[in-house]
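> Given next are the chains, with one letter for each unit.
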Amino acid sequence: MVFLPDESRSLPPPPLLNKGSVWLGFAGWMSALIDNAFNQRPIFGAGVHRQILLATLGCFVGYHLVKRAEYMHAKVDRELFEYMRHHPVDFQGSG
Amino acid sequence: MAASLRAVRRLGLVAAAPPSLAFTRSAFVAKKADNAQPNWLGVGLAFGTSAALWALLVKQHNEDVKEYERRKQAREHKCRECS
Numbered sequence: 001m002v003f004l005p006d007e008s009r010s011l012p013p014p015p016l017l018n019k020g021s022v023w024l025g026f027a028g029w030m031s032a033l034i035d036n037a038f039n040q041r042p043i044f045g046a047g048v049h050r051q052i053l054l055a056t057l058g059c060f061v062g063y064h065l066v067k068r069a070e071y072m073h074a075k076v077d078r079e080l081f082e083y084m085r086h087h088p089v090d091f092q093g094s095g
Numbered sequence: 101m102a103a104s105l106r107a108v109r110r111l112g113l114v115a116a117a118p119p120s121l122a123f124t125r126s127a128f129v130a131k132k133a134d135n136a137q138p139n140w141l142g143v144g145l146a147f148g149t150s151a152a153l154w155a156l157l158v159k160q161h162n163e164d165v166k167e168y169e170r171r172k173q174a175r176e177h178k179c180r181e182c183s
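Protein chains in written order, with the working numbering: chain Z, 1 to 95; chain B, 101 to 183.
Hints were generated in silico from the structure; no laboratory data involved.
Please note: incorrect hints may appear among the correct ones.
Said to hold, decoys possible - Label pairs and their computed distance ranges (CB to CB):
{"#": "1", "chain 1": "B", "residue 1": "P138", "chain 2": "Z", "residue 2": "A69", "range": "34 to 40 angstroms"}
{"#": "2", "chain 1": "B", "residue 1": "K178", "chain 2": "Z", "residue 2": "G93", "range": "32 to 38 angstroms"}
{"#": "3", "chain 1": "Z", "residue 1": "S31", "chain 2": "B", "residue 2": "V158", "range": "21 to 27 angstroms"}
{"#": "4", "chain 1": "Z", "residue 1": "H73", "chain 2": "B", "residue 2": "H161", "range": "15 to 21 angstroms"}
{"#": "5", "chain 1": "B", "residue 1": "A152", "chain 2": "Z", "residue 2": "R78", "range": "31 to 37 angstroms"}
{"#": "6", "chain 1": "Z", "residue 1": "H86", "chain 2": "B", "residue 2": "N162", "range": "36 to 42 angstroms"}
{"#": "7", "chain 1": "B", "residue 1": "A152", "chain 2": "Z", "residue 2": "M84", "range": "41 to 47 angstroms"}
{"#": "8", "chain 1": "Z", "residue 1": "H86", "chain 2": "B", "residue 2": "R175", "range": "20 to 26 angstroms"}
{"#": "9", "chain 1": "B", "residue 1": "G144", "chain 2": "Z", "residue 2": "R78", "range": "23 to 29 angstroms"}
{"#": "10", "chain 1": "B", "residue 1": "A136", "chain 2": "Z", "residue 2": "A69", "range": "41 to 47 angstroms"}
{"#": "11", "chain 1": "B", "residue 1": "V165", "chain 2": "Z", "residue 2": "D35", "range": "31 to 37 angstroms"}
{"#": "12", "chain 1": "Z", "residue 1": "R41", "chain 2": "B", "residue 2": "A152", "range": "22 to 28 angstroms"}
{"#": "13", "chain 1": "B", "residue 1": "A136", "chain 2": "Z", "residue 2": "E79", "range": "58 to 64 angstroms"}
Idealized CB from N, CA, C, for every residue including glycine.
The shape of chain Z in the complex, shown without the other chains:
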């Protein structure tokens, strides 16, 4: 199972900082801060390289997850509209 099929590239790509990448980047940063706290280091000032690395990793993973989520939603929408096109009788009431 491919993570991002080729037809997903026909969709408009999400912005670089979208809800997924910002949230997971924030979560990565928080986990670096929590690691500082557990090892009794200064929370914000210690291990800046670690904070940056984990935040970057979160943004990276979040961006690709959002791309896949948008592809899955678009695929389901396409199948739904195809079904509605093939069964117009069932959908007359809403018109």
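Following the hints, put chain B in place on chain Z, whose structure we already have.
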């Protein structure tokens, strides 16, 4: 003997001696992490990896935008009957 032990305790080196059995692995002989000396290799690798990841992400995003625009143009040129 007691005086030197007290001096050692003041320096905080009481539990530093490892056990004599060299082949046991024990959590109790872990070294204290020295946060005062930066692990420059780790710092360099972390910053390098972060820079590489950001470059990869921005490149991927720009490629995605270009590919989407290209496919949109191709679709608009191709078929007018299926709208």
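> Which earlier hints can't be squared with this structure?
9
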